[in-house]
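Residue numbers (our numbering), protein chains in the order written: chain L, 1 to 255; chain R, 1 to 66; chain B, 1 to 371.
Everything labelled a hint here was simulated from the structure, so no lab data went into it. Take these hints with a grain of salt, some might be off.
[Said to hold, decoys possible] In silico DSSO-like cross-links for lysine-lysine, where the CA-CA straight-line distance does not exceed 27 Å:
no., chain 1, residue 1, chain 2, residue 2
1, L, LYS61, L, LYS8
2, B, LYS244, L, LYS8
3, B, LYS169, B, LYS148
4, L, LYS222, L, LYS28
5, B, LYS244, L, LYS121
6, B, LYS146, B, LYS131
[What the hints assert, rightly or not] Derived DEER-like restraints, expressed as beta-carbon distance ranges:
no., chain 1, residue 1, chain 2, residue 2, range
7, B, ALA266, L, MET229, 33 to 43 Å
8, L, VAL118, R, GLU14, 50 to 60 Å
9, L, ASP101, R, MET1, 34 to 44 Å
10, L, VAL118, R, GLU53, 30 to 40 Å
11, R, ALA55, L, VAL110, 54 to 64 Å
12, R, GLY38, B, PRO130, 33 to 43 Å
13, L, ASP49, B, ARG248, 50 to 60 Å
14, L, GLY51, R, GLY38, 34 to 44 Å
15, R, ARG10, L, GLY51, 11 to 21 Å
16, L, SER233, B, GLN200, 55 to 65 Å
17, L, MET229, B, ARG22, 21 to 31 Å
18, L, ASN46, R, ALA55, 14 to 24 Å
[To be verified] These stretches of chain R come out as covered by chain L in the derived footprint (C-beta under 8 Å, 3 or more residues):
no., segment
19, 20-30
20, 33-45
21, 55-66
The beta carbon of each residue, even a glycine, is placed where N, CA and C say it ideally should be.
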Amino acid sequence: MLTIAGHKFSSRLFGGTGKFSSSEIMKKALDASGCEMITVALRRVNLNDPGDDIMSIIDRKRYLLLPNTSGARDADEAIRLARFARASGGGDWLKLEVTPDPRTLLPDPVETLRATEVLVKEGFIVLPYMNADPILALRLQDVGAAAVMPLGSPIGTNQGILTRFQIEIIIEQARVPVVVDAGLGAPSHAALAMEMGADAVLVNTAIAVAGDPVIMAQAFAKAVEAGRMAYESGLGRQQRESMASSPQSGLEFLD
Amino acid sequence: MEIICNSEPRQVAEGISLEKYILDLDLNPNTVVAEYNGQIVRREDYADYIMEEGAILELIRFVGGG
Amino acid sequence: MNIVFDYPAFDKLHEYFHTIERADVDRALFSTRPGLKDLAALLSPAAEECLPAMARRSAEITEQRFGRVIQLYAPLYLSSVCCNRCSYCGFSVDNQIERRVLSLDEAEAEAFILNERGFSHILLVSGEAPKVMGVDFFESLALRLKDKFASLSIEVQPLTTAEYARLFKAGITSVAVYQETYDRQIYEQVHLSGRKCDQQYRLATPARAASAGMREVGIGALLGLADWRAEGLALGLHLAWLRKQFWRTAFTVSFPRIRPAEGGFAALQPVSEKNLSQMIFALRIFDPDVGLLLSTREEPRYRDGMIGLGSTRYSAGSCTAPGGYLDPDSAGEQFAVGDHRSLDQVCSAIRARGFEPVRKDWDSMFQQHAA
Numbered sequence: 001m002l003t004i005a006g007h008k009f010s011s012r013l014f015g016g017t018g019k020f021s022s023s024e025i026m027k028k029a030l031d032a033s034g035c036e037m038i039t040v041a042l043r044r045v046n047l048n049d050p051g052d053d054i055m056s057i058i059d060r061k062r063y064l065l066l067p068n069t070s071g072a073r074d075a076d077e078a079i080r081l082a083r084f085a086r087a088s089g090g091g092d093w094l095k096l097e098v099t100p101d102p103r104t105l106l107p108d109p110v111e112t113l114r115a116t117e118v119l120v121k122e123g124f125i126v127l128p129y130m131n132a133d134p135i136l137a138l139r140l141q142d143v144g145a146a147a148v149m150p151l152g153s154p155i156g157t158n159q160g161i162l163t164r165f166q167i168e169i170i171i172e173q174a175r176v177p178v179v180v181d182a183g184l185g186a187p188s189h190a191a192l193a194m195e196m197g198a199d200a201v202l203v204n205t206a207i208a209v210a211g212d213p214v215i216m217a218q219a220f221a222k223a224v225e226a227g228r229m230a231y232e233s234g235l236g237r238q239q240r241e242s243m244a245s246s247p248q249s250g251l252e253f254l255d
Numbered sequence: 001m002e003i004i005c006n007s008e009p010r011q012v013a014e015g016i017s018l019e020k021y022i023l024d025l026d027l028n029p030n031t032v033v034a035e036y037n038g039q040i041v042r043r044e045d046y047a048d049y050i051m052e053e054g055a056i057l058e059l060i061r062f063v064g065g066g
Numbered sequence: 001m002n003i004v005f006d007y008p009a010f011d012k013l014h015e016y017f018h019t020i021e022r023a024d025v026d027r028a029l030f031s032t033r034p035g036l037k038d039l040a041a042l043l044s045p046a047a048e049e050c051l052p053a054m055a056r057r058s059a060e061i062t063e064q065r066f067g068r069v070i071q072l073y074a075p076l077y078l079s080s081v082c083c084n085r086c087s088y089c090g091f092s093v094d095n096q097i098e099r100r101v102l103s104l105d106e107a108e109a110e111a112f113i114l115n116e117r118g119f120s121h122i123l124l125v126s127g128e129a130p131k132v133m134g135v136d137f138f139e140s141l142a143l144r145l146k147d148k149f150a151s152l153s154i155e156v157q158p159l160t161t162a163e164y165a166r167l168f169k170a171g172i173t174s175v176a177v178y179q180e181t182y183d184r185q186i187y188e189q190v191h192l193s194g195r196k197c198d199q200q201y202r203l204a205t206p207a208r209a210a211s212a213g214m215r216e217v218g219i220g221a222l223l224g225l226a227d228w229r230a231e232g233l234a235l236g237l238h239l240a241w242l243r244k245q246f247w248r249t250a251f252t253v254s255f256p257r258i259r260p261a262e263g264g265f266a267a268l269q270p271v272s273e274k275n276l277s278q279m280i281f282a283l284r285i286f287d288p289d290v291g292l293l294l295s296t297r298e299e300p301r302y303r304d305g306m307i308g309l310g311s312t313r314y315s316a317g318s319c320t321a322p323g324g325y326l327d328p329d330s331a332g333e334q335f336a337v338g339d340h341r342s343l344d345q346v347c348s349a350i351r352a353r354g355f356e357p358v359r360k361d362w363d364s365m366f367q368q369h370a371a
């Protein structure tokens with residue numbers, strides 16, 4: 001069973017709450033996905049049109065909240081957002097995002113590492129969103145990240161896992177769970193991440209903007225489960241060539 | 001008197017508490033976090049927190065996000 | 001870092017081998033990410049008939065990762081005084097051998113001889129007798145030698161993290177410390193007295209050396225004490241654990257086979273050349289990046305035959321008695337060497353096989369600015 005910072009999860013699919021066409025559909029889709037942890041963002045209240053309060057929709061008993069620091073452009077902004085999240089009753093969990101480039105929304109490795117270090121010391125359970133850089137993953141673990149969240153491809157691009165080679169190294173070396181985040185556009189992408197040995201995946205856009213988000217949420221749930229089962233049953237071994245039995249060639253020197 | 005809330009100048013009644021102001025905006029004080037002149041205010045203090053002229057207030061809450 | 005390596009008892013490790021079939025071996029041979037079960041398959045009796053295929057696979061991985069090179073090193077014995085009573089070792093406290101402790105000047109002179117012979121990687125070896133030869137000595141010697149050698153390794157008594165950090169600063173680049181056997185019962189049986197009786201302290205030593213910042217840490221088992229298959233599995237577990245914890249450190253594994261030594265100790269469970277080869281190939285396939293050592297304990301025939309098949313580092317021209325390079329008649333060696341050829345002769349043998357003997361691949365001067 002997946003355990004992050006001592007908390008057990010029976011579902012390896014984490015959900016997002018952004019980009020849904022309505023609160024009602026979001027609620028149903030999350031329900032169908034079976035996920036137990038969901039991300040939320042923090043924003044200033046629009047005083048002229050406050051709109052729905054997401055906290056009145058989410059069942060906190062059912063879902064563990066993973067506030068993100070989306071919008072932060074450097075470590076200081078992310079740290080400020082994190083403190084807001086905690087003050088808002090969001091708990092200690094945090095998906096740390098530092099994305100200075102508004103075009104690609106790729107995470108800043110230097111600021112992410114710096115913020116992780118500070119926030120871990122403040123008692124946050126930090127899950128940093130990161131580019132799929134194996135050394136960065138290790139450095140983040142060294143400063144106390146509870147999990148690492150490498151991207152499959154840039155946020156919202158639906159391109160799947162373009163960083164396969166690096167994510168494989170990250171998984172191989174990891175001392176904490178690896179959650180593949182961003183770019184998973186189809187259930188097959190999620191299944192691949194799980195087959196590779198990822199501990200969990202986080203999916204938002206692909207479910208939220210699907211023709212039928214509720215059915216798509218189910219599809220992702222099944223894909224994640226199938227991928228995990230395949231991984232656990234010993235997949236991931238690709239035979240590069242078949243074994244030919246041969247005589248004692250080359251070892252005649254042995255006594 | 002005037003305060004700055006979320007970067008907008010807003011007219012508020014003299015001596016209004018933070019909690020009353022949040023309620024007047026039709027918001028739930030339990031899900032809104034307030035930063036008053038750069039300091040996060042503890043939720044249990046909202047009711048007794050009296051705002052002053054020229055205060056800079058940030059009201060923040062969770063929204064959907066991935 | 002307060003983390004401790006633990007591993008299953010030998011009878012539990014044996015269970016891994018019971019269920020293995022030929023198909024498991026085939027799968028392990030070409031697995032892209034071999035796990036513990038694969039290592040067990042490669043070490044199993046079922047894999048014995050696949051030894052040529054294992055050799056080819058191991059050679060292929062080694063060439064891909066390290067190229068066609070063999071790195072050379074020589075041991076420099078500093079002291080044969082030892083407080084431990086270990087039934088297999090020539091330096092054991094009870095043995096009536098001529099004991100010798102080199103002075104700093106003598107040690108430096110020995111090192112310069114090795115340097116003139118063309119070595120730039122040396123391994124400083126000492127018996128465990130901290131009062132006779134301790135950290136101060138190693139530190140002073142490292143400071144004297146660091147500019148002459150590309151790397152300085154030590155194989156001495158287990159030290160504390162702070163002591164390792166001190167030695168790293170002085171120019172020591174790597175630490176070798178072998179568990180001798182991971183079989184806890186046999187460990188007790190062969191270590192009769194002395195500080196080495198503390199298995200746990202010794203087991204935690206590679207982690208201390210790594211956390212002190214050493215560039216490289218070597219582990220190993222003395223083959224012939226316990227069941228070599230389970231030994232290989234325990235080594236693999238230890239290696240994988242160390243890699244996870246200390247990703248900045250490079251690791252090596254050594255496979256010393258028990259050689260005739262003073263005290264007349266015979267291997268409790270003899271390990272054949274075939275067994276040794278299987279172990280080397282298995283470790284290579286399990287971990288493509290690990291450095292594998294093959295010492296002069298083995299004979300020229302075997303060492304030449306193994307060139308390119310998995311090992312990446314050979315010792316050469318070794319003498320295992322303190323002072324033995326200056327005075328070849330020095331008595332009191334730790335074990336009898338099997339390959340008496342000179343460095344040049346070993347280099348020729350390596351070249352004859354189409355490999356390049358490498359005497360230097362890192363300059364310890366680069367680490368002088370390290371914290």
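Between the beta carbons of GLY38/R and PRO130/B, is the distance compatible with 33 to 43 Å?
58 Å, violated
Has the given pair, LYS146/B with LYS131/B, been kept, meaning a C-alpha gap of at most 27 Å?
Given that 27 Å is the threshold and the Cα spacing comes to 24 Å, the pair holds.
With a C-beta cutoff of 8 Å, work out whether three or more residues of the segment 20-30 of chain R approach chain L closely enough for the coverage to hold.
Per the Cβ count (5), the hint holds.
GLN200/B and SER233/L - C-beta distance against the hinted 55 to 65 Å:
Given a distance of about 37 Å, which is not inside 55 to 65 Å, the answer is violated.
Is the Cα-Cα distance between LYS61/L and LYS8/L 27 Å or less?
Holds, at roughly 14 Å.
Cβ separation of ALA55/R and VAL110/L, checked against the hinted range 54 to 64 Å:
35 Å, violated
Using the beta carbons of ASP49/L and ARG248/B, state whether their distance is inside 50 to 60 Å or not.
This hint holds: roughly 53 Å between Cβ atoms.
Range hint compliance [Cβ, VAL118/L to GLU53/R, 30 to 40 Å]:
Once the Cβ atoms are compared, 35 Å apart, the range 30 to 40 Å for GLU53/R and VAL118/L holds.
Within a Cα-Cα threshold of 27 Å, do LYS169/B and LYS148/B meet the stated pairing?
Holds, at roughly 16 Å.
In this structure, is the beta-carbon distance linking ARG10/R and GLY51/L contained in 11 to 21 Å?
18 Å, holds
According to a criterion of three or more residues whose C-beta lies within less than 8 Å of a C-beta of chain L, is the segment 33-45 of chain R covered?
holds (count 5)
Given a hinted range of 34 to 44 Å, is it respected by the beta-carbon distance of GLY51/L and GLY38/R?
26 Å, violated
Hints 7, 8, 11, 12, 14 and 16, counting from the list given before, are not met by this structure.
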